Amino acid sequence: MPLLRAADIEKHYPGVRALAGVTFEVEAGEVHALIGENGAGKSTLIKIITGAVTPDAGTLSLDGELLVDHNPQTAKARGIAAIYQQPALFGTLTVAENLALGLEGAGLWRRVDWRERRRRAQELLDRVGARIDPDALAGSLSMPEQQLVEIARALGAKARVLILDEPTACLPEGEVERLFALLAELKAAGVGLIYISHRLDELAQLADRVTVLRDGQYVTTRAMSQVDKPELIRLMVGRELSGESNAPARPAGAPLLQLSGLGCAVNGVHDVDLTIRRGEILGLAGLVGSGRTELARILFGLTPADAGTMAWDGQPVRLETPAQAMAQGIAYVPEDRRRHGVVGPLSVTANTALTVLDRLAKGGLVDARREEDLAVDLGQRLDLRAASIHTTVGTLSGGNQQKVALARWLAAEPELFIVDEPTQGIDVGAKSEIHRILGDLAAAGKAVLVVSSDMPEVLAVSDRVAVMREGTVVGTLARGEATQERILALALGGAEVVG
Amino acid sequence: MKSADRRVLTVAGVLGVLLLGLAVAAPGFFQLGNLRDLIVDNSLVLLPALGMTAVILCHEIDLSVGSIFGVCCVVAGGLAQAGFPMPALLLLIPLLGAAFGALNAGLVVGLGVPSMIATLATMVGIRGALQWFTQGAWVNDLPAGFQWFGLGQAAGQALLVLVAAALWLALSWMFGQVAAGRALYAVGADADAARLVGIRPKAVVSGAFVSLGALAGLAALLSSARFTSIQPSAGTGMELQVIACVVVGGTSILGGRGGLTGTLLGVALLGVIATTLIFLHVNPAWEKAIQGAIILVAMLGARSHSVDRLPAERPVAGRVPGKVVRP
Amino acid sequence: MTEPTRLSTHQSTLRRWFPNHEWVLLILLAVEVALFSATGRNFLTVTNAFELVRSGCEVGLLALGMTLVIITGGIDLSVGSMMGMAAITLGWLNNVAGVPIVPAIAVALAMGALGGWMNGALIARLGVPPLIVTLGTYSLFRGLAEGLTKGIINYSSFSDAFKALGNGYWLGCVPRQLPLFLLVAVGVWLLLHRSVFGRQLYALGCSKEGALHAGVPVGRRVVTTYVLSGLLAALAAVVYAARLGQAKADAGTGFELMAITAVVLGGTSIDGGKGTILGTMLGLAAIVMLENGLRLAGQQAEASQVMIGVLLLVAILGHRFGTGGRAGAVASTSRDSCEEFEMKNYQVAILSVAMLLSALIVAGSNKKVAEQMSLLSAAPPVAATQRAGAPPPPPPAKKLTIALMPKNKGEPYFLSCKKGADEAVAALGGQVEFLWDGPANPDPSKQNEVIDAWITRGVDVIAASVENKEAISTVLKKARAKGIKVICWDADAVADARDFMVQQATPEGIGTALMDEAARVMGNKGTFAIVTASLTAANQNEWIEYIKKRLAAKYPDIKLATIEPSEGKRDVAMTRTSALLKANPDVKLVMGIAAPAVPGAAEAVVQSGRKDVKVIGLSLPSLCREFIHKGVVDCIVLWNTVDLGYLTVHAARALAQGDIKAGSTTMEAGRLGKIEIAGDQVLLGKPFVFNKDNVDQFDF
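Residue numbers (this note's numbering), protein chains in the order written: chain A, 1 to 499; chain B, 500 to 826; chain C, 827 to 1526.
Errors might be hidden in some of the hints.
[Claimed, not checked] Here are the simulated SDA-like pairs of lysine to any residue, each with C-alpha atoms no more than 20 Å apart in a straight line:
id: 1; chain 1: C; residue 1: K1456; chain 2: B; residue 2: G649
id: 2; chain 1: A; residue 1: K362; chain 2: C; residue 2: L1004
id: 3; chain 1: B; residue 1: K701; chain 2: A; residue 2: G107
id: 4; chain 1: C; residue 1: K1385; chain 2: B; residue 2: K701
id: 5; chain 1: C; residue 1: K1512; chain 2: C; residue 2: K1385
id: 6; chain 1: B; residue 1: K701; chain 2: A; residue 2: K362
id: 7; chain 1: C; residue 1: K1304; chain 2: C; residue 2: G1013
id: 8; chain 1: C; residue 1: K1437; chain 2: B; residue 2: L531
id: 9; chain 1: A; residue 1: K47; chain 2: B; residue 2: Q652
id: 10; chain 1: C; residue 1: K1437; chain 2: B; residue 2: D691
id: 11; chain 1: A; residue 1: K47; chain 2: B; residue 2: R699
id: 12; chain 1: C; residue 1: K976; chain 2: B; residue 2: R699
id: 13; chain 1: A; residue 1: K362; chain 2: C; residue 2: V1012
id: 14; chain 1: C; residue 1: K1456; chain 2: B; residue 2: L641
id: 15; chain 1: C; residue 1: K976; chain 2: B; residue 2: I772
id: 16; chain 1: A; residue 1: K47; chain 2: B; residue 2: D691
id: 17; chain 1: C; residue 1: K1456; chain 2: B; residue 2: K701
id: 18; chain 1: A; residue 1: K362; chain 2: C; residue 2: R1376
id: 19; chain 1: B; residue 1: K701; chain 2: A; residue 2: A52
id: 20; chain 1: C; residue 1: K1437; chain 2: B; residue 2: R535
In short, the hints are calculated from the structure, not lab data.
Everything numeric in this text was worked out from a predicted model, so none of it was measured.
Kindly produce the complete structure, drawing on both the sequences and the hints.
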């Protein structure tokens, strides 16, 4: 008998069928991976299991017992816990209270025992091996630390079913290892783990079984040992993909931006020497926290440099604000798409025009017709799928949102394109399209800087790979010499780099 | 918590300096009678401020508190005239306030109207209705037992202060030590996350609005009981005064942070300004300017060591404050 | 790979014209227009439409700036206070420093921009939430204005050319404000809806981070927005000063809430990123029209406050209902479950309809309102039926419409006047339709609006108790030009703005009487203190002037310790009196010169246990009776206010029916008998001193 079973789940939203007769189960002591492209119905299924959403039809059962009156509270009481991509902690409350809120009863008129709270928090934090002060405000912790707190919370809840939604998306490599060790412990303790990830390589390492969803429908469940990556991709997209074929090598152009001794005390970047050339894609690899995003933010003027120099086409420049960077010809597609990359409540048109308003305007007034033409034109170029150019961007899928984020900068026709985690949380189909766009840009003589934690991606698209560690660039590898092992060795440090 | 403590210390420091200065410049300020007057008067501001703290902790706001106060004053007078005994009023008037609080809660929680707008509407509407029906007429000829609940001045004042002090103590304890109080903080920090840990944000927010209504009603009754007649325009402008006290006391307008110690100090700080000016023989025309300056200084003082501004690179858990990152 | 598809550019016409569901407001407006055309007199006329512009102009200017601010996700509570600040800047420069009006206006505008910059800088550069910053500057700006002028100074010597900006006409009927307002509105519309700045404003209103990452200089844009808001507030102050012919620290009090209400009613989201100028203008129109329409329908303006509250909710809910029509798009991203959303729509629909209906019922059925009012208010029923009532079918005999305006409807003083007026109206039987309306707090600009509405409505006689001479005189002259008879009572306007003045006592008489009584109680020596209404209250300041004159002239051994404001509130008067008695132990007498100030001060004296302190002042017998009997209040100085109201109605009737005209020396006034007329002054008699011997003879 499975630990948890969701049978024949149906869920409709107006105009959308999110789930159609999906059955999914997880055994005790098993890691069951759940994969599918964005929009396949994974999130809805998870929400149904955690009680956040009520299904239109179908049943949930735990230990063979039918779950009625299922809502987030009863789900929690029944030992179903979930950890989401973005940690959902209370920023203004202490770690101890965050842990307690998940664990204590729901009664409003209980007395709170702070000493007990602190003691238990310490105990749980010790168990996940986190050195975190229980009295620290959760909002002051780093993302990996916050995730550890969440896992501690699930541990404390004595979760029987633990759902992890892209838990490694924001974790540095070292932390990933520790997470996997923790998960193995949980698994050994008989917890049923549901694991959602776009990183198929991780699954091979971790999962026992894998279930594939596509367009809200159940596709198949296989033992992980019986499928390989291409097979999984085929199952997810329902078609063969050209794969991660390397783009043709391009001749490198003249240096566009030269950094020497660049640093910024605020975000820990120091002594960066790097040259970005026209007509090439430069990959920027490194562990999370090694300063990759921070470097990108310096280049876009979000956190101005306070040491070193930058030269643009050989001329020294200073980039103090994003507006200056933009005027210089720099584009930045940030990591956090929803919060930074696009303006969700605005239309496709308003988003694509945002970076080029000055050019669309005559005498300070924006020409609405040209604005619309631009949106139509870019939408076509990027194969954007939206009902109309007046559609609100927030309602689009992740991949299409990312296309809008790219489109707004394509419109600006910058010389240097910085893209931070361009394909994070994006389905495989959209991913290869975005790689194609980046390649086209480089072919057109632009410089492209790709920051990514996805090592195969870095290898697939880059002409050169720069590796960062502890706030500075520790090495640059040409296309021929770059391998996953060598990048990792540089990123981790200590290991000898073979030339 | 740590940062909230520091904010509280900032306000306490400003208040301390002010009192020290007064001790030198106008020692008469500290005569017993004046202190008693200050405590009685500010107890009446403290009551709604307690409720307002709860509402602001939930990241909501209530502009209608002055109008609720006004209605409760007039109804208290009307009921007293109609022969209701004072103990009954002590029950009924806070209930009436709570009913108005429930109206606000219904609009905010039930219909999803932003609290700023919902309570702007009830503020204007309730005050308009009150003026319409009373035509500004005072409620006179109250029964003899109305003033001071028939207890006499000293006992009446003591009762008033005791009620306020007891409620402050009880709510302070509750905000820190009871799950319901902590739920205010959790909902204010992140309502969605709160739901995931089994807190019902709608119930918590409703509770805050209803408590504020009830406290405004109680304050109205106690305030009216100081007099022998009732002025229907009572409570106009009260909402901004109360909000100012709460935010000067360090409770974050963005929710989830602050507390009642700060609110007590905020009430005390803004509550002594007018009297201070009288004792220093300064022209009262400057009162509002000084009040404004104190609000701004308290906010700026608290800013320099607040956690609102984490380094932008670091992701912030929960609700991200709507701040502007310096370009 | 599929063929790239061309994105649709289709957008429904409704959406294109009303991107923010402004049609909801159009419907509301249509309902209002239909309603008031039916119930209000002369509502649907060109003149009235133009008058609406005049009364809405200042709040409208604030609302334009406020729309921008709220779209950035902020709020600006300080605009009303900024009006006060800008007004005194203008007044001081022009009246005192002798700077010509144009540069003076420029400096006032610069002052507004500076204040706005201060708000913006604190918000954008230091990251303090806008509500807090502007709550602080709301107090600060007003406080500076009051502090610098001590609240008292009233700059009123402006040139006629300047005043024409507020009261003049183009082509005979277009108010001078209209072109200015249209110009600004179009400018702000272009700025928000057509310019680069506007596009960026929407983006940063939705997401500051998102805008920043698109290269929008967020901080600079936010600062600019608050600067514009401050600038428009200063412009509103200029128009205000021109309309009233005076500049004082209390200019624009409470205007910030009206502006916010208009903006929010117009559908601008308080969370930012959403809203239109069209919406704001419609919201403003809905509010202004509501007040004006109720007035023309002879209704109390308080009703408009209630209905503004209801309208706000209806509009917001209707707005959501309108959005709900596209639930599909919303639900796919909404974190709420769908069921909940649909449920809400349903509830919202029912609630909106219910609220709209109730609003219609309240506004439409004047009779109902009258009945309710007579049931729920203490007013005598006969008066209620008289004052309410839409114009009935033309009566056989010509019915006189007499409109009386107090300075402040809520004041007990004026309520007692109204008592007498009601009595007189009742005595005149069915000959008279009686209107009683005025500001809910002493507000000269509101007085002008009320009179404008009465002119439009076409009353026969206007009788006004004037808050500010200069401010009201132009509009009274306009009334006379249209053949309406004008009387002043209680407080006078300039002589050629009215036919007669019903004179109860001059400020000099009051001040002298008060000071003499005080001296008597104090035995011609010692220290006393004054508790006034607010420091900016015009009347009280005039009385204080004469009190001080009398003091200087006759009583060298008496000292005035302090003058404390009470904001027209009894409990504030009590608090201040308690403190001032302790801070000034030698004070032996407190003089309250506002109706609530005397009982407040008396209560403070009782509670302090000081037997040696006495209270006197200007108040009503009914409010002070028990204190007079207790001996705390020695006496109060007043005239018979009931008689004042009574006489005013009689004088109005007599004037309208030609019984008195210039040169008359007496008139018949019902139970008051023959009343003397000296020149253009109808004389009620001398101020009266109420003490424990006679106070029980009066029931007002």
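Checked hints:
| no. | hint | result |
| --- | --- | --- |
| 1 | C/K1456 / B/G649 | holds (18 Å) |
| 2 | A/K362 / C/L1004 | violated (29 Å) |
| 3 | B/K701 / A/G107 | holds (15 Å) |
| 4 | C/K1385 / B/K701 | violated (60 Å) |
| 5 | C/K1512 / C/K1385 | violated (27 Å) |
| 6 | B/K701 / A/K362 | violated (49 Å) |
| 7 | C/K1304 / C/G1013 | violated (32 Å) |
| 8 | C/K1437 / B/L531 | holds (18 Å) |
| 9 | A/K47 / B/Q652 | violated (61 Å) |
| 10 | C/K1437 / B/D691 | violated (61 Å) |
| 11 | A/K47 / B/R699 | holds (17 Å) |
| 12 | C/K976 / B/R699 | violated (52 Å) |
| 13 | A/K362 / C/V1012 | holds (18 Å) |
| 14 | C/K1456 / B/L641 | holds (16 Å) |
| 15 | C/K976 / B/I772 | holds (17 Å) |
| 16 | A/K47 / B/D691 | holds (13 Å) |
| 17 | C/K1456 / B/K701 | violated (53 Å) |
| 18 | A/K362 / C/R1376 | violated (69 Å) |
| 19 | B/K701 / A/A52 | holds (15 Å) |
| 20 | C/K1437 / B/R535 | holds (19 Å) |
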